[in-house]
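Engineer: Chains as they are written, first to last, in the numbering used here: chain B, 1 to 238; chain F, 1 to 238.
Read the hints as simulated data drawn from the structure, not as lab findings.
Keep in mind that a hint or two might mislead.
Repeated chains share a single entry, so a pair holds when one copy, or any two copies, can fit it.
[Claimed, not checked] Lysine to aspartate or glutamate pairs mimicking DMTMM-like chemistry, simulated, CA-CA at most 20 Å apart:
#1 LYS3 - GLU67
#2 LYS218 - GLU120
#3 LYS162 - ASP187
#4 LYS54 - GLU24
#5 LYS202 - GLU44
There are 2 protein chains.
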Amino acid sequence: MKKAVVLLSGGVDSSTVLAIAASEGREIYALSFDYLQRHRVELEYARMTARAMKTRRHLIISFDLREIGGSALTSDIEVPKRIGEGRPSPPDEIPVTYVPARNTIFLSFGLAWAEVLGAEEIYIGANAIDYSGYPDCRPEYLRAFENMANLGTKASVQGSIKFSIKAPLISMKKSDIIRKGSELGVDYSFAWSCYDPQPRDKSFVPCGRCDSCRIRAKGFAEAGVRDPLAEDIYPDVA
Amino acid sequence: MKKAVVLLSGGVDSSTVLAIAASEGREIYALSFDYLQRHRVELEYARMTARAMKTRRHLIISFDLREIGGSALTSDIEVPKRIGEGRPSPPDEIPVTYVPARNTIFLSFGLAWAEVLGAEEIYIGANAIDYSGYPDCRPEYLRAFENMANLGTKASVQGSIKFSIKAPLISMKKSDIIRKGSELGVDYSFAWSCYDPQPRDKSFVPCGRCDSCRIRAKGFAEAGVRDPLAEDIYPDVA
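Throw the hints in and build the complete structure from the sequences for me.
Structural biologist: Here you go:
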């Protein structure tokens, strides 16, 4: 069984990617990050997905990106909200929820773990269609990371592994991602999307109005699939 | 004053790079990493250098690379030792002190911080001459990282910054590095090199026999400069 490292944020995309990698016969090593993100509750969802999907191991690496800041997800900048219709931020207007070099940091740890495991594939839920316009979700970026990875590791330089960054969702619409995941049995009640969790009853509910909630709602609606969290989370848009 | 992020391990090379960046008029933001490395004492030396060299800020990011392992510096693999003459490990024989994807992880955090600071330069003490043969110290790797960085960040994609990975030591001999640092007033009593610190008197002394100690000793000897730590640290080779 081929091993694969899967970056698992706990959201819709990474949960679907994990299911895709499993359906392709990979032994899954899921990797999540506690970077003191505003929506840190996503890690609980990542844990549920990792358990439900029979991953071989789920590793959570912790570090503090608030010390670096520069993002609405790691500092006191407000998360933008909208109500009603309207396209999420287009790619030429990168929103303040962008976290500097986040995927580069995540993929770097993924690369380290893949090298130790002898896994040649690192799966990431990057998507360049229904997304927030982050530059580190684009195919040209992912190719450049892969190229760098193969120049900077012992395993690749010695010829025992050629690393591959797999982004099976890169050009899929959100609705197609959700349809695909549903076919593969992904339980989206274990997927968290919201950037700005709202406290309620000793837990959190999604805000329903940030880009990520809106992209999720639109995706489920277009897929004709009922979002298992819809009633709780975005009464405004569901 | 142009800002620069300087990766500061606390060793001879990164201390020299910091001095070079300062001599070129940069405002220094020094970045170190506590990854639970075997030679974590190097961070005390990094702090001393950061203080002595008047850095604008010194940030230490913490995470646990022992969870990933795969290196003599982060797991229970023994650090190789030799006594007497003999070339340190040549580049075609990458030693077990190689830490998977370490410079990629370090540079990724450096990139994140540089983007938030608006610094276009990230300095690294990588050297491909008198070194341990690590693939992530070679110029082709550093160029690939730089290319990736400029595709994956908001500041570069929007055209406000073009990031540059600066490795001024890349093709210098260790002895030239030490001569250069000495000219610039680097205090090498604040530079730690050893991979395998030996406990002594509630503190640590270098082993004097690992690759890193040996490369240091040879460098000081060839430079004709007295290593301020020589008597304490490698009586065998000093």
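Engineer: Give a verdict on every hint.
Structural biologist: Comparing the hints with the structure gives:
1. LYS3 - GLU67: between (34 Å within a copy, 17 Å between copies)
2. LYS218 - GLU120: neither (34 Å within a copy, 38 Å between copies)
3. LYS162 - ASP187: Cα proximity of LYS162 and ASP187: none, with 33 Å in one copy and 42 Å across.
4. LYS54 - GLU24: within (14 Å within a copy, 54 Å between copies)
5. LYS202 - GLU44: Intra 14 Å, inter 42 Å, cutoff 20 Å: intra-copy only.
Hints 2 and 3, counting from the list given before, are not met by this structure.
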